[in-house]
Amino acid sequence: MSAVVTDHDHDHEHHDHKPSGIKRWFYTTNHKDIGTMYLVFALIMFFIGGAMAMVIRAELFQPGMQFVEPNFFNQMTTVHGLIMVFGAVMPAFTGLANWMIPMMIGAPDMALPRMNNWSFWILPFAFLILLISLFMPGGGPSFGWTFYAPLSTTYSGDSTALFVFSVHIMGISSIMGAINVIVTIFNLRAPGMTWMKMPLFVWTWLITAFLLIMVMPVLAGAVTMVLTDKYFGTSFFDAAGGGDPVLFQHIFWFFGHPEVYIMILPAFGIVSSIVPTFARKPLFGYASMVYATSSIALLSFLVWAHHMFTTGMPVAGALFFMYCTMLIAVPTGVKVFNWVATMWRGAMTFEVPMMFALAFIVLFTIGGFSGLMLAITPADFQYHDTYFVVAHFHYVLVTGAVFSIIAAAYYWLPKWTGHMYDEKLGQWHFWCSLISVNLLFFPMHFVGLAGMPRRIPDYALQFADFNAFISIGGFLFGASQLIFVWLLVKCARGGEKATAQVWEGAEGLEWEVPSPAPYHTFETPPVIK
Amino acid sequence: MTKTRSLRWSLPTLLLAATANATDMPLNMTKGVTEISQQVYHLHMTIFWICCAIGAVVFGIMFWSIVRHRKARGVQPAQFHESTKVEILWTAIPVIILIIMAIPATKTLIAMEDTTEADVTVLVTGSQWKWHYKYLEHDVEFYSLLATPKEQIINKFAKGENYLLEVDRPLVIPTGKKVRFLMTSDDVIHSWWVPAFAVKKDANPGFINEAWTRVDEPGTYRGQCAELCGKDHGYMPIVVIAKSPADFESWVNGEAERIAKAKAEEQELLAMNMGMDELMSVGERTYTAYCAACHQPNGEGLPGIFPALKGSSMALNDMPGHINIVLNGKAGTAMQAYAKQLSLKEIAAVITYERNAWGNNTGELVQAADVHAVLQGKGE
Chain E
1 MSAVVTDHDH
11 DHEHHDHKPS
21 GIKRWFYTTN
31 HKDIGTMYLV
41 FALIMFFIGG
51 AMAMVIRAEL
61 FQPGMQFVEP
71 NFFNQMTTVH
81 GLIMVFGAVM
91 PAFTGLANWM
101 IPMMIGAPDM
111 ALPRMNNWSF
121 WILPFAFLIL
131 LISLFMPGGG
141 PSFGWTFYAP
151 LSTTYSGDST
161 ALFVFSVHIM
171 GISSIMGAIN
181 VIVTIFNLRA
191 PGMTWMKMPL
201 FVWTWLITAF
211 LLIMVMPVLA
221 GAVTMVLTDK
231 YFGTSFFDAA
241 GGGDPVLFQH
251 IFWFFGHPEV
261 YIMILPAFGI
271 VSSIVPTFAR
281 KPLFGYASMV
291 YATSSIALLS
301 FLVWAHHMFT
311 TGMPVAGALF
321 FMYCTMLIAV
331 PTGVKVFNWV
341 ATMWRGAMTF
351 EVPMMFALAF
361 IVLFTIGGFS
371 GLMLAITPAD
381 FQYHDTYFVV
391 AHFHYVLVTG
401 AVFSIIAAAY
411 YWLPKWTGHM
421 YDEKLGQWHF
431 WCSLISVNLL
441 FFPMHFVGLA
451 GMPRRIPDYA
461 LQFADFNAFI
471 SIGGFLFGAS
481 QLIFVWLLVK
491 CARGGEKATA
501 QVWEGAEGLE
511 WEVPSPAPYH
521 TFETPPVIK
Chain G
1001 MTKTRSLRWS
1011 LPTLLLAATA
1021 NATDMPLNMT
1031 KGVTEISQQV
1041 YHLHMTIFWI
1051 CCAIGAVVFG
1061 IMFWSIVRHR
1071 KARGVQPAQF
1081 HESTKVEILW
1091 TAIPVIILII
1101 MAIPATKTLI
1111 AMEDTTEADV
1121 TVLVTGSQWK
1131 WHYKYLEHDV
1141 EFYSLLATPK
1151 EQIINKFAKG
1161 ENYLLEVDRP
1171 LVIPTGKKVR
1181 FLMTSDDVIH
1191 SWWVPAFAVK
1201 KDANPGFINE
1211 AWTRVDEPGT
1221 YRGQCAELCG
1231 KDHGYMPIVV
1241 IAKSPADFES
1251 WVNGEAERIA
1261 KAKAEEQELL
1271 AMNMGMDELM
1281 SVGERTYTAY
1291 CAACHQPNGE
1301 GLPGIFPALK
1311 GSSMALNDMP
1321 GHINIVLNGK
1331 AGTAMQAYAK
1341 QLSLKEIAAV
1351 ITYERNAWGN
1361 NTGELVQAAD
1371 VHAVLQGKGE
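Those sequence lines, one after another, are chains E and G. Letter by letter, the first sequence follows residues 1 to 529 of my numbering. Letter by letter, the second sequence follows residues 1001 to 1380 of my numbering.
One or more of the hints may lead you astray.
[As the list claims (entries may be wrong)] Calculated cross-link-like contacts (lysine-lysine; reagent style DSS-like; alpha-carbon spacing at most 30 Å): (1) G:Lys1071 / E:Lys529; (2) E:Lys490 / E:Lys197; (3) E:Lys197 / G:Lys1085.
Honestly, the hints are just simulated from the structure, not real lab data.
Please put together the full structure from these sequences, using the hints given.
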């Protein structure tokens, strides 16, 4: 019936062929609808993964076992990691890519809209499978999100099969999303949108997409080998059959290290969009930003074994990976310097997106510093597998990737909804998040240096006070995100009308279409100045 | 009045107590007790101060800009947006800093990896969830298990000073000698870490890794397994006691004697039969220490991961199979071989216990001789 209704609209300028109700979302091939679904999905996953973090922090609030069993604790750390990486951060970036890339390059939609629908709709099933595995006898995967063999093969429960299947689906979804981004950017740029005129968010996502199609198949290979080692008698990772457990780590981290850049390069693009807008000054060193991003992507393939310094490798190998890892600090530093130079002698205002972007620059850099410390192999022997590492990757992932996603949401919300968000509530969200996230993750550096290993459900008494403190920070950070949900609901329902340009200093094609962006944009290509 | 005054007094006292307690935890990496660990500490501090200096400059400029270059002050934004000179400068300076940093790091790393000319060699084997130490130059080997009682972990008893960092039999090494560690594992990957020595090396099943240390100060040093190794990863601590070479010699000879004596006693035991009460009490103790982590104190296991012994057909009917699996383990599962971990008496007792506890009332006794027979029969 709805088809009949929409047929009437056919003569209108914006002919929105969309079924009504839930069917709109199942059948949609519209990049904006799919972008919205990705973003909502990521937010839901952020809260599910966050709830698991709360279980972890509740158990670690005091020494001794209080709430959960060690086996369940391990399931929480494992599934928390998997959900946050594959369910929250990556889909959120894909959602932003879906929404913004066509609008930024003057394209009418993504190049492969049906595949776009498919790549989103398999995701909920992947995570349903993963979450259902928690209710199997023996529970879900408990070997850490890195699923090192043979803990994940010979010594794991039968939920491993579900875990492998769900990772396969996540990987297929990511690969399809990445192909779509690449094809769109290569083919659908408006005339005059040359490579070096593309917004940095488009550039960083293009490079990210290449990383994705290069490494997601490697992950698929790793989980498949885990599956066949466990169920079909192969011995890829079993010395008794001629395999090597360390081989697993090489394969995993050959995927895993580019993966961490997959989660941070789009963040660089977001911050490179936001800072110039609120500094009212063009981005400093656009070309060097593009080259720096490319160098980081290339180097990401040469540093994987810095996750494995303690596995026992030849000195020459350790030195090679140490030097390459240290080198990454150079292009990353260039990016930070460029952002600061962009701010320099600008005329800054400090709306919520800018606040999150500024927090990103400072806190991501702190995560970069601890990353540089971790690169120093002899010191890494002391840091490795302690809370120092936990502090490091939460600084780059939470105050890095997640803060950038939140900044992006505030920045483009008026464009998506047509309403300004509640600035005061947004500032509350920012300050609560900023303070609590540092209460949560900063003390972890000290706990790690003092010698507390990661992934343990119980600890020696000397770590008690700091852990109580960290847990309180964790609960506050979790609660702070409820402000964000409230703000999003408010903004979706109404608010001050947003103009097309939204922000005084905003430049780019996405700010030339009305707010909210119409269902179809750039059906005829725009003129690029 | 007194009430409010005591409150006023107690609050700061409480806070002070809390901070005093917090200072129990060092806020920095340990300097450790070896030359290498000191070098590692200095590398850590050097890179830390370099990061602080860079951070102070970058964040300083950024905050200056945030304060000065804000629209609220009525400034007009500049429009400059590139400078090749500046880009080259801030690419080159970090490269130079990194090269300066890489030199001492390389030196220390090469020293750490030189395991030649060791005076003492210890084979360290990880297994779920305990360490085994074997002195290659002496007839001494033993398992080292967590000594913290379960009651402390489940908050029934007050926690001791070395909660979770205490073992039944610590590793003993001589001071002033180069001790080489060979690391391997019987099951999953473990990682042997003692912060005071700056030694952390993975124990990989089927492979052998090397590390070394030279400790000058006699003392007790504690560490933990650092690689997630399953359910009880948090419960496999490491304790190392460094003794003077003379004390070490007398300790290691004493151990060798003790182990030889235990073996001799075991042979004598073969002729003796133990009663149900003795078997059950030794069996329960052994079960709690070695079996309960997986099969649980109530014998019910963890469904889907560790099978139940209570009511299992093996524990009720198949005695030879039962003895065999305890002795030799089961390939492809987490079930370990206990032939080398436990004495014949302990194995006999624990099997008797498993066949008579939790309602498994078979009434059957297993004697050391029965276990010995299965062990011998294996070779035929």
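- Which of the stated hints cannot be reconciled with the structure, identified by number in ascending sequence? Of the numbered hints, just 2 does not hold.
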